[in-house]
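**Q** Full structure from sequences and hints, please.
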Amino acid sequence: MTTTEAELRVAVLRNDELIDAALIRGWLACGLGWLLLFPTIGAFVSTKFNYPTFLGDLPWFTFGRLRPMHVNGVIWGAFSTLFIGLCYYIVPRLTGVRVWGERWSHGLLWAWNLNLAAAVLLLALGFNRGWEMGEWPLVNVLVALVAIGLLTAQFLTTITRRRERPLHVSLCYLLAAFVWTHVTLVLLVLAPTHVPGLDNAAWHGLFVHYVVGLWITPAGYALIYYFLPAGVNSPIYSHRLARLGFWSLALLYPFVTLDHYPGSPLAGRAATTVIVSSIVLAVPAWTVLHNVVGTMSGRWRQLSENLPARLLSVGALMHLVGTVQGSLEAFRSVQHTTHFTDFGVAHSHLTIFTFVMWALAGTIYVWSRLANDAALWSLRVGNWGFWLVTLGISAMALVLTAQGLQQGFMVMAGAEWVHSVDAIRPYWWVRTFTGFSINVGLSLLVYTLMQSSLARPA
Amino acid sequence: MLLSGVHPAMRPESSRQVSRAVRTDLGDVRWMRADATDYTPLERVGRSVYMREGCWYCHSQYVRPVAGEARRWGPISEAGEYAFDRPPLLSSRRIGPDLARVGLKYGDDWHYAHYWDPRLVVPDSIMPSFKWLYTRVRVLLHTTETGASTMPPELRAYFTMNAETSIPLYPNTDGLAFVAPPANGQWPLDGTPVIDLKGFGDHPPTLTRVTLVFPTHELVGLVRYIQKLGTNRGAWREMLEPQTVGAPAMTIPSSPEVLTLGREVYDARCVGCHGKNGDGNGPAATFLSPRPRNLTLGVFKFRTTPSGSLPTDGDLYRTVTRGVRWTAMPMWHELLDDERIAVVAFIKTLSGRWNHERPEPPATIGDPPTATPELVARGKDLYQKAKCSRCHGEEGKGDGESAPDLTDDLKFPIRPADLTRGRLKGGSTVRDVFRTMTLGLDGSPMPSFADSMSEEERWAISYYVLSLSAWKDPLTGLGAAR
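Protein chains in written order, with the numbering used here: chain A, 42 to 499; chain B, 59 to 540.
Because the hints were derived from the structure by calculation, they are not lab data.
Quick reminder that beta carbons are idealized off the backbone N, C-alpha and C, glycines included.
You may find that some hints are simply not true.
According to the in silico footprint, chain B covers these stretches of chain A (three or more CB under 8 Å from chain B) [what the hints assert, rightly or not]: (1) 63-74; (2) 106-120.
Where chain A lies over chain B, by a calculated footprint (3+ residues, C-beta under 8 Å) [what the hints assert, rightly or not]: (3) 82-91; (4) 147-153; (5) 173-183.
**A** Structure (structure tokens):
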């Protein structure tokens, strides 16, 4: 059974009536703004490694305050804002109904942004709860929890009222991300100051991997399973594979927790479970890449003109590489050398940035769709942006992996501490360069989108 | 959640139990089971500063059972050590060194220098400065008829301005003078501050103003917290391998290559405290008490040679390798052998004394007698008779009646050791104490007792001195909870 072009056009237009274009553009524009800010803070933090007196002697700009700004900002500011905006596009189109409780959505955007801005300010002032990736002051966490709660209610209700009965795999991932994140945020509210001793660190390891694996990862998967087929006008290669990815993620990720503190008094027999499960995490990552290859099969030529598809495909490859690198890190023999070095930083950047690229891909796609499928203002600038970003993150991951190995081996061999620091100084310089390259690339992409908006016929 | 959250909480190790190294009455150090102790309120203030400033982003706080870590940092971390941490600051990154065992490695003075500007004490450091943890007061120096300069009123919060007691402050070339907080942490210090330029020797600079630097309450707390880290494990440092190194018999060549390497090592590691020409007046020196050694004099405390003699090469190598605990002189055991050897050769060029003198032969120290309670009691008796208490105090706390007025050979104030905390800089085996008593600590008021006491008497006092820190917590000097 084939669908004619006309029928397709009608379906698309009907779906267009379900979405709130202004709302989506609002969320995406804010997300893009945060995407320009927080990675730049990261580049400033990186600069301090080679120039420790960079940004002077003011407490608000010291390393210890800028770093949590960067980490929390890229997760909740850059990635999450874009993701939520894209959810407002995806959910109506996959369910066939308008989002329930739409009237809250604009207010929610305001609250979300104010929360992010407040968090930046409070972190600069030194409020820090002592949990890595969970430094946010309690008030910000509570606002985020309420926001996630509202969003979950919105999307869950919309989905239960759907006209399209079979549940698209993106909706599965999306719902899972929202539901699981309640657990994560409740943990963040309660645990840091209430759990005594080393058990606190155990819960923290849990928390860190929940944020990454049960919020960002399924959210990212939801995006790629929508925007890749949509972007190249071809169905997902295998829904079954995607569902395998879903269940393996759900069952395995919760065990990948003690990875955060290997070698500590915490690690023990439980550590073996952790190591095994983190190795099998390659399965969900593989399902994504396999699906990408399958979906793109016969359509690879489109990548030269189709920026979103390119970002998604390259991202899928990076995702597998990053995941496997993480699995490698889990082995005792490897982490003896690499733990505490920049090897772990390479892993975190490679993996999280993949999801940022996917969110960016979705944003570019939606931006164009909301402008009646207008072409990008300048594919050339977009390409420059893409390459600066992709080469930047790849180079960053390579450099950090190399320096992690170098310092790790030196320290294992008994090198004096400062000697090992001196040895990796050049790598830090390159890392800063790659960071700025990424920022320039992101700016070019945002600039292209901005110009596309301005060039739109009234 | 069950596996990684609830399950660890059910394990028996999730309690306060730690293994603690404790010195016994008869001088040896044993491992015992003990409970970890909580933080004091001031240490908690410091911990909150540590969290706020993000120290934990660069410094980890656990020692892994992985090749070399126990030798580098100290005993492997135990769960009980984190019993009072909410949250534990284990960290996942070592940009700087691990801090699980940093407590009492350095004196408080090193930390005050370090947080002001890390590059003063570690030139290659990339750690940020934390100058906002200090209060700065500018004082214009001008002589009035009485020869004193007028003090700004803000200083009355820090000094009583009691004219009978003077508190010397030793600025560095930048005109910075650090004021150490009182021992009990309660300002003001009793006395009037006096700017003293004798650290510069014969060529003092003309300073028109000085900036006095005071630690804030938060900073004092931070240093307290840092010094607490690892001390739940007691006197473990006594058994850390690099601390037990003896003075090897060695003769170091002073070829041009060795001296070039030595100069490189010195410039990379030593200038901040010891100064470019070794006069002990580096930029960090204003923070430090005791001041860094003036290497140009060729007078050294820790030797195997008789009093008045130069040290052997091995003596210098030993001091460089094991450092001087509880002071700002770090342990350099991680540096390669060649580098330590080379820097010793270089240090010898800093003083003219080596040009026309040679070290005397090292004193032979026999085997110690077996420790018995009777021997320790005899030592106590002799301690009183020899009037050790005049400087070291009745109970060995370093609070004897002469203690406040003691000065070293260069007329800088110097404090006698607090023996109750085991702060024996020359080494804390009974042989080390015996050696100190026999050979004295040149440059300081600690004399040699070789001529005034027999060998047997010196062994007795040595055992008594060790017993003064028996069962005590090295951090607080109080009886350790058993």
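**Q** State for each hint whether it applies.
**A** Cross-check of the supplied hints:
Remark: the segment 63-74 of chain A is not confirmed as covered by chain B, as 0 of its residues place a Cβ nearer than 8 Å to a Cβ of that chain, below the required three. Counting residues of the segment 106-120 of chain A whose beta carbon lies closer than 8 Å to any beta carbon of chain B gives 3, which meets the minimum of three for the stated coverage. Coverage of the segment 82-91 of chain B by chain A is violated. Counting CB-CB distances below 8 Å, 0 residues qualify, and the rule asks for three or more. Only residues whose C-beta sits within less than 8 Å of a C-beta in chain A count toward coverage, and the segment 147-153 of chain B has 7 of them, enough to reach three; the restraint holds.
Remark: the segment 173-183 of chain B is confirmed as covered by chain A, as 5 of its residues place a Cβ nearer than 8 Å to a Cβ of that chain, reaching the required three.
Figure legend: structure checked against the earlier numbered hints; hints not met, in rising order: 1, 3.
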